[in-house]
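Each protein sequence line maps, in turn, to chains E and V.
Letter by letter, the first sequence follows residues 21 to 622 of the numbering used here.
Letter by letter, the second sequence follows residues 168 to 339 of the numbering used here.
To be clear, the hints were calculated from the coordinates, so they are not data collected in a lab.
Heads up, some of the hints might be wrong.
Said to hold, decoys possible - So the derived list for chain V, only partly shown, Cβ under 10 angstroms to chain E, looks like this:
| no. | residue |
| --- | --- |
| 1 | M168 |
| 2 | G190 |
| 3 | K194 |
| 4 | G197 |
| 5 | L198 |
| 6 | R202 |
| 7 | H238 |
| 8 | Q240 |
| 9 | L241 |
| 10 | E242 |
| 11 | V245 |
As the list claims (entries may be wrong) - Coverage of chain E stretches by chain V, computed from C-beta distances (three or more under 8 angstroms per stretch; other residues unrestricted):
| no. | stretch |
| --- | --- |
| 12 | 257-269 |
| 13 | 430-442 |
Said to hold, decoys possible - Simulated DEER-style distance windows between Cβ atoms:
| no. | chain 1 | residue 1 | chain 2 | residue 2 | range |
| --- | --- | --- | --- | --- | --- |
| 14 | E | D615 | V | S208 | 36 to 46 angstroms |
| 15 | V | D207 | E | L375 | 25 to 35 angstroms |
| 16 | V | H218 | E | D154 | 23 to 33 angstroms |
Quick caveat, the model's predicted, so the values are computed rather than measured.
Ideal Cβ placement from N, Cα and C applies to all residues, glycine included.
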Amino acid sequence: MGARFRMLPDWRVWHRVEKEWVVSEERSGANILVESLAKQGVEFVFGYPGGAVLPIYDALFGEERIRHILVRHEAGAAHAAEGYARSTGKPGVVLVTSGPGATNAMTGIADAFLDSIPLVVITGQVPTALIGSDAFQEADTVGISRHCTKHNYLVKDPADLAAVVDEAFQIATTGRPGPVLIDIPKDVQIAMAAWSDAPPQRRQRYAPRTQGASEEIEQAVEMIAGARAPILYTGGGVINSGPRATALLRELQKKTGAPVTSTLMGLGAFPADNPDWLGMLGMHGTYEANMAMNQSDLIVCVGARFDDRVTGRLDAFAPNSRKIHIDIDRSSINKTVPVDLPIIGDCAQVLEQILDVWGDRKAQDLTGWKGRIDTWRERKSLSFPANADAIMPQLAIERLFELTKDKDPIISTEVGQHQMWAAQHFHFFSPNKWLTSGGLGTMGYGLPAAIGAQLGNPDSLVIDVAGDASIQMNIQELGTATQYRLPVKIFILNNEWMGMVRQWQELTYESRYSNSYSDSLPDFVKLAEAYGWKGIRIAKESELDAGIQAMIDYPGPVIVDCCVHNEANCFPMIPSGAAHTEMILYGDTVAGTMDDEAKALV
Amino acid sequence: MMHIKHEAEERHVLTVTVDNEAGILAKIAGLFTARGYNIDSLTVADITENHAVSRITIVTHGPPSQIDQIHAQLERLVPVHKVVDLTESGPFVQRELALIKVAGMGEKRVEALRIADVFRAKPVDTSTSSFIFELTGAPDKIDTFVAIMRELGLVEVGRTGVVGMIRGAEEA
Ligand SMILES: Cc1ncc(C[n+]2csc(CCOP(=O)(O)OP(=O)(O)O)c2C)c(N)n1
Ligand SMILES: [Mg+2]
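Just chain E, same shape as in the assembly (with noise of 0.2 angstroms):
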């Protein structure tokens, strides 16, 4: 103990002491640490302990403001912070050791940086002398998370420790939001510094642009107010700009007319209710939101970054539209499609001021428009074909939906063709109700996320739907649910397959299907026994609506084994290297191969 730190000189300034605010005492970084963290009103932290964060385990005991939540491996704990994070729009704060804790969790992290999802990540590392020296759980942890961070730091002073946290809560929760590290060695932990109740100074070097320049803005009414067949085309930046970016988008649409679009990320700030909202774009969108995005003569993008994903083969893609791109991270504009007019700012900002120049203009007349979009909608994409014999996994979702709506569910999901499905046919009429992994694409996401969504929405029906594979990549947290009591559902979608893959190798590899099938499946029934959930079997359609009803009746964690069709197909689907006007839809037959050119894209 005792240690003493050299101040660096550029911190010291951080600690110039205010009259009103003394220095009252010394206390360890890892004391430091936590002080911090309650004072950013942190009320979680996800995490598992291990030698190099014991000092900070030990400042965590019987301590009242803080919660620990632990789970039962590491990439558990960042994708359930990311659940928390995204389901209530505070940052989720995840608490592991060096070496394999920081590995273990770093799936999580590149996950929520690909997703924008604020997190602050502790990291435990080796105490300072043995950094470098291939120590017991060393790895080099700053290294391995510098390109799937926002920002990291290696802290090597206690003292600078207050100002460290401050400005990583910052980082990950302004801008663009992302996940922040923080790697603390175990010698820093257990060294003295100053404390002080004071605010931490912090530097001020990170202020993003928030708000669009006003001839921007202007511009842009006059786009919007001369286009005959706009469409609004969202993403997760609407989510994570807040509540007020929500509701302002749905007054933007109220005014224009224009008919609404989102990808993935962005279910939700849309109710999808409304006779203008189009559904889902992209691979696994509807007919109608594809076409008229390939049809349209103007695309407001709104915190979306044209991903590979939504925009299908680029030369392509919208091809006599002009784009307004709003996005507060200046990276994502011009990166995949050039845009006529880039607005960088935050999108709630950025739209109020559009509504705020456009006062009470008139739209153009859209009925040419909607009348198009209604030939497109007669298509009746999402159909699909009945079977007497096996569950539809789509009707399952269908069923799902309509037992759940009046409850207002959050959804997680895993990834495969149960997330596409349940982004087609579970509907959403809020922001921050729809957790998916849509950077990453990470199996074994949706359960930690469900849990940490429990967590922060206690009150809330939380169910993940999941894959028979997928589940099992994060089995392991059910345990974490039956510790902390939370009536988390898991609704599996059990095709017996990796259904995606499986598709691709049926769509694109004549049917080769190498090693997709889901052999040796457990007994997901006396799994959820076992770890003290209930287990219901749903194996007949008759049985659907009673299985899923007493999912939710049921006060704990249940684990829903739905069997569903072994080869059903997730359409429409824009095969890869594919145009949106070249969908293909339910009936459509579908050649076996795919020329080279078309495999090696993603």
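Given the structure of chain E, go ahead and fit chain V with the ligands onto it with the hints provided.
Only chain V with the ligands this time, still in chain E's reference frame:
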């Protein structure tokens, strides 16, 4: 059958002002490798009295859209204060320093010295059979000098990489 296609590329000189903190160089260099951008040269040194700020000059090449992305991605890093694309901002000066070792006797040795004089390269070390020349200038001037020396007994070349600055009174 599929083949990899290549796009037309441009050379750009960027200056990046950053907080002089641990790992910053790895962050910048790593961004280039992680996103598949090219680095032709990279120089760095701190430039403020308290050593808190460094200036990095990066020479890169790529299609115009990629250059724009590089600019934007660099700006996205928290410790980055400012990124200036000198190639875009108008006339600018670019200089590089090189040390060039040439060995040889007789006619070639005399010729090397004569050409060095033409290029204003300064001999900074001399032995009876060799010179080290110091040469400062734009990269193509150094390229040319090195090419000539190759015929006159070039042994070794060391180059600093480019530093650049906008012409005129204004700060970039
Ligand atoms: C961690 C991870 N590994 C591999 C993949 C590739 N992948 C995408 S979907 C999928 C199959 C998912 O199967 P399942 O969970 O049963 O869902 P289904 O498609 O059958 O609904 C795989 C392997 C992935 N997305 N994430
Ligand atoms: Mg499956």
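Against chain E, is G197/V within 10 angstroms by beta-carbon distance? 6 angstroms, holds
Holds or violated: is there a CB of chain E closer than 10 angstroms to the CB of L198/V? 7 angstroms, holds
Can Q240/V be said to touch chain E, with a Cβ gap under 10 angstroms? OK, holds: Q240/V within 10 angstroms of chain E, min 5 angstroms.
Note whether the CB distance of D615/E and S208/V lies within 36 to 46 angstroms or breaks it. 40 angstroms, holds
Given H238/V as an interface hint, is the shortest Cβ-Cβ distance to chain E below 10 angstroms? This hint holds: H238/V lies near chain E, its Cβ roughly 9 angstroms from the closest one there, short of 10 angstroms.
For the restraint on K194/V, tell me whether the closest CB of chain E is nearer than 10 angstroms. 6 angstroms, holds
Holds or violated: M168/V as interface residue toward chain E, Cβ cutoff 10 angstroms? 6 angstroms, holds
Quick check: the stretch 430-442 of chain E, covered by chain V? Criterion 3+ residues, Cβ under 8 angstroms. violated (count 0)
Per-residue hint verdict: E242/V, partner chain E, C-beta under 10 angstroms: It holds, given that the least Cβ distance between E242/V and chain E is near 7 angstroms, below 10 angstroms.
Look at the Cβ atoms of H218/V and D154/E and judge whether their distance stays inside 23 to 33 angstroms. At roughly 31 angstroms between Cβ atoms, D154/E and H218/V fall inside 23 to 33 angstroms, so the hint holds.
Given R202/V as an interface hint, is its Cβ closer than 10 angstroms to any Cβ of chain E? Holds. Min distance 9 angstroms.
Would you say the stretch 257-269 of chain E counts as covered by chain V, given the rule of at least 3 residues with C-beta under 8 angstroms? It is violated: at least three residues are needed, and the stretch 257-269 of chain E offers just 0 whose Cβ sits closer than 8 angstroms to chain V.
Checked against the numbered hints above, the structure violates hints 12, 13, 15; every other hint is satisfied.
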